[in-house]
Structure formats: structure tokens, C-alpha cells
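Please model the complete structure; the sequences and the hints are all you need to start from.
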Amino acid sequence: MGEVIVITSGKGGVGKTTTTANLGVGLVLAKKKVVLIDADIGLRNLDVVMGLENRIVYDLVDVVEGHCRVKQALIRDKRFENLFLLPAAQTRDKNAVSPEQMKKLSLELKEEYDFILVDCPAGIEQGFRNAIAGADRALIVTTPEVSAVRDADRIIGLLEAAEIKTFHLIINRLRPEMVKRGDMLDIDDILEILAIDLIGVIPDDEKIIISTNRGEQVAANANDSPAGKAYTNIVRRLLGETVPIMDFYQNQSFFSRLKKFIGLGG
Amino acid sequence: MNLRALLAALTGRQPSKEVAKERLRLVLVHDRASVAPEFLDKIKEEMIAVISKYMEIDESNTVINMHHAEGTAVLEANLAVKKIKRSVNT
Numbered sequence: 030m031g032e033v034i035v036i037t038s039g040k041g042g043v044g045k046t047t048t049t050a051n052l053g054v055g056l057v058l059a060k061k062k063v064v065l066i067d068a069d070i071g072l073r074n075l076d077v078v079m080g081l082e083n084r085i086v087y088d089l090v091d092v093v094e095g096h097c098r099v100k101q102a103l104i105r106d107k108r109f110e111n112l113f114l115l116p117a118a119q120t121r122d123k124n125a126v127s128p129e130q131m132k133k134l135s136l137e138l139k140e141e142y143d144f145i146l147v148d149c150p151a152g153i154e155q156g157f158r159n160a161i162a163g164a165d166r167a168l169i170v171t172t173p174e175v176s177a178v179r180d181a182d183r184i185i186g187l188l189e190a191a192e193i194k195t196f197h198l199i200i201n202r203l204r205p206e207m208v209k210r211g212d213m214l215d216i217d218d219i220l221e222i223l224a225i226d227l228i229g230v231i232p233d234d235e236k237i238i239i240s241t242n243r244g245e246q247v248a249a250n251a252n253d254s255p256a257g258k259a260y261t262n263i264v265r266r267l268l269g270e271t272v273p274i275m276d277f278y279q280n281q282s283f284f285s286r287l288k289k290f291i292g293l294g295g
Numbered sequence: 820m821n822l823r824a825l826l827a828a829l830t831g832r833q834p835s836k837e838v839a840k841e842r843l844r845l846v847l848v849h850d851r852a853s854v855a856p857e858f859l860d861k862i863k864e865e866m867i868a869v870i871s872k873y874m875e876i877d878e879s880n881t882v883i884n885m886h887h888a889e890g891t892a893v894l895e896a897n898l899a900v901k902k903i904k905r906s907v908n909t
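Read top to bottom, the protein sequences are chains G and B. The first sequence lines up with residues 30 to 295 when you count with our numbering. The second sequence lines up with residues 820 to 909 when you count with our numbering.
Hints in this document: simulated from the structure, not taken from any laboratory. All figures in this text were calculated on a predicted structure; none of them were measured in a lab. Note that the Cβ used here is the ideal one computed from N, Cα and C, for glycine as well. It is possible that part of the hints are untrue.
Claimed, not checked - In the DSS-like style, the derived pairs of lysine-lysine whose C-alpha atoms are separated by at most 25 Å in a straight line are:
| hint | chain 1 | residue 1 | chain 2 | residue 2 |
| --- | --- | --- | --- | --- |
| 1 | G | K132 | G | K100 |
| 2 | G | K40 | B | K861 |
| 3 | B | K840 | G | K209 |
| 4 | G | K40 | B | K836 |
| 5 | B | K836 | G | K209 |
| 6 | G | K61 | G | K258 |
| 7 | G | K236 | G | K209 |
Stated by the list, open to error - Quick partial rundown of chain G residues pointing at chain B, CB under 7 Å, derived from the structure:
| hint | residue |
| --- | --- |
| 8 | V178 |
| 9 | R179 |
| 10 | M213 |
This is how it looks when you write it as C-alpha cells:
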């Protein structure tokens with residue numbers, strides 16, 4: 030029996046879709062069978078992030094409305110044969126799917142796949158309610174910004190109310206050099222405010238944009254980028270391993286520490 | 820504390836991270852304390868119904884709200900009592 034994980038945030042643009050795609054790739058590399066569901070009906074994006082936009086025939090709404098079987102709508106990834114995408118409908122609205130339909134679909138997919146990752150739309154309306162309906166656990170993505178952390182807090186409240194008992198925080202786009210000079214919320218600040226367990230921290234990394242431009246994921250080559258490595262670490266934690274959070278502030282020479290003390294950055 | 824932070828403290832200008840943290844803390848206290856008005860109306864209605872068994876309540880002078888104080892949520896109700904029913908003492 031598989032597990033359904035919803036990736037959510039409240040605020041838009043914090044990296045839910047990128048996170049969904051990278052965790053999917055990471056899980057497949059860990060020998061799991063994975064389906065990614067784009068639950069953002071009307072604003073689909075996971076297909077382009079995955080580089081599968083030209084292969085869509087059927088979508089999520091077609092499946093729940095019975096126009097096709099689930100298998101017909103699943104798109105196999107170009108590189109990984111155990112990775113599948115169920116795209117969102119682009120020309121419908123969020124009311125085209127109900128929470129009951131999502132629950133039923135989740136149960137069906139859990140029979141055959143190890144992980145079902147649901148990319149949740151921004152906001153807290155119907156689209157959010159649909160996306161979390163069948164979820165066993167949730168990953169909340171935030172960035173070290175006031176607005177994103179505030180929305181994450183609201184989402185945590187709504188997840189608790191929906192009785193999703195397992196949820197963890199992912200802090201995305203951390204910029205260690207800004208944290209060091211006191212211009213960005215640090216990991217501990219965010220955890221103290223939200224009082225929630227952390228499952229990973231992704232450093233801000235331009236490789237994310239470069240690979241997304243090509244429809245590829247940094248997690249496919251974990252050793253080539255800090256973000257790829259960080260996503261792989263989250264995958265290992267999801268699978269039950271204990272992996273320490275990367276030390277983003279390491280490699281400080283005496284000189285850089287001196288500069289830091291004087292306040293010249295570093 | 821590095822020199823920059825020390826300077827910031829001396830000049831009274833906090834690092835922007837501290838400002839962010841403080842603002843977040845305040846906004847979340849407010850967010851978490853806000854309860855849907857319908858919910859409070861329902862509580863108010865039922866409280867008045869219960870207390871009215873024993874006292875006569877001035878409904879127009881009844882205020883109920885929720886806020887946070889020292890880390891806990893406080894439900895505050897102010898009910899104006901018109902008179903206490905005689906039957907209560909018998």
C-alpha cells in the first residue's frame with residue numbers, strides 16, 4: 030500500500046511544483062514507483078517542469094469524470110520508467126473535482142504505486158481542499174520571508190483541522206550569506222515561530238532555474254548541485270533515514286570569520 | 820554578536836531579520852486569535868440562553884471576543900445583568 034503526500038504552502042511561488050518534481054525523481058532513484066498529480070486545475074505547471082507538456086492526452090478531470098481509465102491518463106517520464114505524471118486540466122476550474130473523487134483516486138493509485146505526490150494549488154479554497162482530501166501526510170513549503178511563513182502558519186492550522194496528522198516543513202531558497210549578515214530569517218527562527226518539525230532545507234540555487242528551463246530536475250544528478258543534494262536528503266528522510274540537515278555555514282576560514290566579526294560579510 | 824550587529828544595536832537599527840521575526844510574531848498572534856464571527860455569535864447566543872435561566876441579561880450590552888494574552892487564548896465575555904431572578908435563591 031502506497032502513501033499519498035500533498036505538497037502545499039498557502040502562498041504561491043515558493044517552490045511547490047519544483048519540490049514535487051524533485052522529490053518524485055528522488056524517490057524513483059530510491060527504487061520507488063511514483064505518481065505525481067498536478068492538482069492545480071486551470072493553472073497546470075507540473076507538466077512543463079517535468080518536460081512532459083507535449084505528451085498530455087488525458088488529464089485529472091478526464092479521470093474523475095470517467096472519460097478514461099487512470100492508466101490512460103498517466104504519462105511516463107522521459108528518463109525514469111517508474112515515474113508518472115497525472116496532469117491537471119487546463120480548461121476547467123477547481124470545482125471540476127471534488128474531495129470525494131480525490132480520495133477515491135488516491136486509494137486506487139495507492140494499490141499500485143509506492144508514493145503519490147500531490148502538487149497543491151496556492152490558496153486555501155476548493156483547490157486546496159481537493160488536494161489534501163486523500164493525503165496521508167503533508168509537506169509544507171515555505172521560504173524565509175514574512176509572507177510565506179505567515180501563510181504556512183495558516184496552512185498548518187487548516188491541515189490540523191482536516192485531521193492530517195503527519196506534516197513537515199521544507200524551507201526553500203535559503204541564502205546562507207544573507208542569514209549570516211542578519212538579513213534573512215534563519216532555520217531556527219522559522220521553526221521557533223511555526224513550532225513544526227523540519228524535514229529539509231533547500232538552499233537558493235541557480236541550477237534549479239537552469240534545469241527547469243530544460244524540463245529536468247536537479248535531484249536527477251544530486252551531486253551536481255547543493256539543491257539536488259538537499260532534495261535527495263529529504264527523500265532519504267521520507268524513507269525513514271536519519272540524515273542531518275546540511276551545514277550551510279561551513280568552510281569558514283579564519284579570515285572569513287574575522288571578516289564576519291568585523292562585519293564585512295563573508 | 821559581530822561588529823555589525825553591535826553597531827546596529829548601538830544605533831538602534833536592528834538587523835532586518837530581527838524586524839521580520841518580530842513582525843511575524845505579532846501578525847501570527849493576531850491571525851491565530853481570529854475566530855470566525857459566526858462562531859462567536861453562536862457561543863454568545865448559547866451563553867445567554869444558559870445564563871438567562873438564572874439572570875436577566877441585557878443582550879444589547881453583551882460583548883464576547885477572543886484574544887491572545889501571554890501565549891494563551893482568552894475568551895472574554897461581558898454580560899450586563901439587568902436583574903437576578905428571585906427563584907435562584909429559593
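Hint check:
1. With a C-alpha separation of about 17 Å, the suggested pairing of K132/G with K100/G holds against the 25 Å cut-off.
2. Restraint check: the Cα-Cα separation between K40/G and K861/B comes to about 31 Å, which exceeds 25 Å; the hinted pair is violated.
3. Taking the CA atoms of K840/B and K209/G, the gap is near 15 Å; set against the 25 Å cutoff, the hint holds.
4. Taking the CA atoms of K40/G and K836/B, the gap is about 20 Å. The hint holds against a cut of 25 Å.
5. Note on K836/B and K209/G: the hinted pairing holds, with a Cα-Cα distance of about 10 Å set against a maximum of 25 Å.
6. A threshold of 25 Å between alpha carbons decides the hint, and for K61/G with K258/G the separation of about 18 Å falls inside it, so the pair holds.
7. Taking the CA atoms of K236/G and K209/G, the gap is near 22 Å; set against the 25 Å cutoff, the hint holds.
8. At about 6 Å, the closest approach between the beta carbon of V178/G and any beta carbon in chain B falls short of 7 Å, and the interface hint on this residue holds.
9. Interface hint at R179/G: satisfied, since its Cβ lies 6 Å from the closest Cβ of chain B, which is below the 7 Å cut-off.
10. Taking 7 Å as the C-beta contact cut-off toward chain B, the hint placing M213/G at the interface holds, the least distance being around 6 Å.
Of the numbered hints listed earlier, the single one contradicted by the structure is hint 2.
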